[in-house]
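K.L.:
The chain contents come next:
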Amino acid sequence: MPKARKVRRPKSAQAGGHMHGGPIAYIILTVFTIVSLFPLVWTAIAASRDNNRLAQNPPPFVFGSNLFHNLDVAWNDANLGTAFVNTTIVAGTSAATIVFLSTIAGFAFAKLRFRGRGALMLIVIGTMMVPPQLSVIPLYMMVAKLEWTDQLQAVILPSLVSAFGVFFMRQYLIQALPDEIIEAARVDGASSWRVVWHVVFPAARPAMAVLGMLMFVQTWNDFLWPFLVLSQTGNPTVQVAVAGLGRGYTPDQSLIMAGALLGTLPLLLVFAIFGKQIVGGIMQGAVKG
Amino acid sequence: MATRHDTAAPPAKEGGAAPGRPPAVLTDADQRRRARLSRRWQRDKRWSPYAFVSPFFLLFLAFGLFPLLYTGWASLHQVELTAPTDMTWVGMRNYTRIFDDDFFWNAAKNTLTIGIIATVPQLLMAMGIAHILNYKLRASTFYRVAMLAPYATSIAAASLVFVLLFGRDYGMINWALHFVGIDAIDWQNDKWPSQIAVSSIIIWRWTGYNALIYLAAMQAIPQDLYESAALDGASRWRQFLHVTLPSLRPTILFTVVVSTIGASQVFGEPLLFDANKGASGGAEHQFQTLGLYLYEQGWVNQHLGRASAIAWTMFLILIVVGIVNYVISRRLRASS
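Quick note, the sequences are listed as chains E and D, same order. For what it's worth, this note's numbering labels the leading residue of the first sequence as 1, then goes sequentially. For what it's worth, this note's numbering labels the leading residue of the second sequence as 290, then goes sequentially.
Take these hints with a grain of salt, some might be off.
Straight line, CA to CA, 30 angstroms or less: simulated BS3-like cross-link-like pairs of lysine-lysine [stated by the list, open to error]:
#, chain 1, residue 1, chain 2, residue 2
1, D, K566, D, K480
2, D, K480, D, K398
3, E, K111, D, K334
4, E, K276, D, K425
Treat the hints as calculated values from the structure; they're not laboratory data.
Here chain D stands alone, though its shape is the one from the complex (with noise of 0.2 angstroms):
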């Protein structure tokens, strides 16, 4: 317990304390150097913070900022990667040309499909996982320090690996699934199968550390709103329904955005599941996200202009995605 040192300690009388300073006797010198000190003290005070802050600010404005609003700007004109400095006014052609590109609606519903399945089954493992750590157990470190390796793994490294994991004749998992009675699965060449085989690249790498961070805001629960739900008698699925979860939420919504954010921007995983197909996304565009037509666009097709259309539309619909989770959090925060 913290001692209140306000009234254990005998309130210090006016100018008893302390002895008071000897009248100081100050030469004009003196007055101005503490003068002159004193300005630059109240100026360090004041414009410290700025210059502490300023390095951020500005190479994101260099870096962030300024590339994000180019690019609407560009996205305005015609561009080709050959001469990327000269750019003709052509309004809003490179919308409707991307518009009209069936592969674009393609590629906008793999990023849909690819995103649904990558994030929606990650970020319910990620909590089931977060919650059985959450228990008291042994070597838990070794645990969570083996769940986030696979975070330790580059896009390019865990794509190869799992382009062999899912080949169609002698892959691994193509292998272990005859022994249930299912037969070989085109994993690169087939539609769904191959959406599933790149989402399980995301899922693999991605888990781990989604369920650190839940476990994180689940360690910051406080205890005794467990032990009243169970002096009510709440079981233990009750008190993860009524507990944890609206404990959660706030922790959900970041995972959420954060992966929503990821899951638009798929581009690696895609591009090297079939190394040969490359920016097509395999031979049918089966599984072409919008970062690779973007990537497709710019520097296949050379068509910067229409890239930025691209990276434009991907930013819009972010945002869009942005204030409906924005809309549903506070109507849940409303409702209960």
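Okay, chain E solo, but in the shape it has when bound (with noise of 0.2 angstroms):
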């Protein structure tokens, strides 16, 4: 009987997902994050120089000694104590809400039955087509004739909505949320609200705090509307009043760095500690079930 040879199967036709990368997609990969982080550094190492070093070839590409007189400096120019005060009021309040009610109505859509349920989830997914910004003229003349210009009710209120939450928590539940525990719950004689408090909540808590991170960074680094309502100087948010460090014909550069960094280093910070969850999240967003 002749001997089996071993089929060796040709390197070029292994299996996708199973497949170890060589060394090329490492070195794309490195380039990449170089790429991805080396505005971030050296929106740093610009920060620590004067404004006159960065006017000169080649740019620096080590640490000065200027860094805290800068941030000193741009902290004071820009009312970034005010704005960062601001900020996180407005972010927490959006991404709190937005966690709180997206969970609700996720739980609903993923695990209750109602009739309109098909045709209320289709309209969630076609408002997260219509672009939020096509709202702002009106939502400028109700803010007018309120007079909330300059305050930050007019930034929070119509940051409270996201389709992309509700859809989110949808996903995550049809897994996480078993039916049967529902229904013991059900059973016990546990009312809607005391399910949702007792047995939704507890179940939704990974997927919760990673959309309230998302919606944290969101709300956070949103311009256009805060732009519009509040103005750069008197009681802006750190996006507003970092814009307005550009302004005049012979700025600062290395201020407006020093502004810059300020303005991104607390959802670096974010992104240090949390960053893996972060990713798991919008990874989790992405797929469809």
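Two chains, two frames, a set of hints: combine them into the complex.
P.N.:
Below, the structure is given as structure tokens:
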């Protein structure tokens, strides 16, 4: 009997996801990582120099000694203290409200049977396609009429809705919350609110945390609407304040960079700590069920 | 392997397993209480789903749908920023006025070109990176987090940094280009360089994010599809073409739609790319987008009615783009 020859599969014919990445994969990823991080690192370098050094060739690649001075001046010039408090209030309120409302709505869409569920879910997905910026003019009229210009509620109220949030929580709860647990709670006589409070919220906690961070990042970085309703010096958010630094014909670039650095730093810290969870959350939200 | 309980356990005899309830003697009060509880139970079960979803829809009506429709209504009126409540009916005049304005068409063209320059390479690169990240790699979490860092950076901060990097005389990019023999490019004042520079801010911020979305979709593709393709002798490239891409079609469509919406709204990047020119988008309006043009008409020239007409024009364009997308994706699905 002829010995069966061991068939070696050609290397090119291996299956997709099981493949180990070769050196080229690492090189490409490293280059891309450098391109991603370089502008951030360089912001810090530029913020640590003085304006004259930035107007020379070659551009600086190492840190200078002016960092704290520049941060201090930028902080005061751009009213960043107020801006940080404002942005924290705005982003915190929005994120918390979005998480709460998205969880209960996502639970209803994932686990409850009711008339019109399919149609309403389609509307939710449809609203993700409507760009919020197209509504700024009537919103501005409302705010002007209510005399809310320069006040935080003008920024907070329109940012309390997130169709993405509803969709995200629905996707999570379909998998993470077994029907039996809800039924068991029901059999024990729990009302819908008790089910939400004692079953849904504990089960949804990881997704709520991720959604909260995503929404916090998004609201923190919001630009157009705060720019329209808040003044740049009186009562700005961080983004509005930082944008205001770029004005003037002979601006001090190192100060601008110091402001940009201050505006970005809190979120980079959040990313350094929770980056893995945020990545997981974005990937989770991307998969359709 | 899951145990099949229905075959593993002996079938329950009717009335055998659970002891029957003792015959209850119910007083009238008890019965009334039960009926009340059961009615409340029914009400709760029936209406609570609506209670759970209604806050979203109420907020959306107030801050999404109503303003959108009101913008359409305002676009048929003359409204000035100084007196936003005084509206004079002018019919289609706002639309004819902006369509006669060369700056509108200029802004429309710029929005289109910046949108293409920003979106096409962004999604292609994201796809490539996702493909690489889908290999087995060391430190893959680090790469994922690092390439998402730009997403944490605001438009304002990113734009200001890129203005410096793209500086004509002392910018890092021109300095690097002179090593390969390219003369200083005036990134702010020349048309195509400025549009490329503005697009690069968008590309920088969003490529990693889109790569993660593609990666998630790739990981959801069943492994046996690749294995059978490999058995048929398909190379990695053919596997990518014939397994990965078709499975990713819904995700690709999703990212194209989202990026198109994003591109039609571009505002902060060109506004800050030449902060002193502000709403005009460069000295020659060379990178003024529709978003900037809307802002210029509404808040600089104070014609809110005309700005509303621009907003609705943008909305209608998006609807057309959406329909085209839908038709194309249906064609693709039908042909495969």
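K.L.:
Could you run down the list of hints and mark each one as holding or not?
P.N.:
Hints, verified against the model:
In summary, the hint linking K566 of chain D to K480 of chain D is supported, as the alpha carbons are separated by about 15 angstroms, within the 30 angstroms threshold. For the hint pairing K480 of chain D with K398 of chain D, the CA-to-CA distance comes to about 12 angstroms; that is within 30 angstroms, so the pair holds. A threshold of 30 angstroms between alpha carbons decides the hint, and for K111 of chain E with K334 of chain D the separation of about 12 angstroms falls inside it, so the pair holds. Restraint check for K276 of chain E and K425 of chain D: satisfied, since their Cα atoms lie roughly 17 angstroms apart, inside the 30 angstroms limit.
This entry satisfies every hint, going by the numbered hints stated previously.
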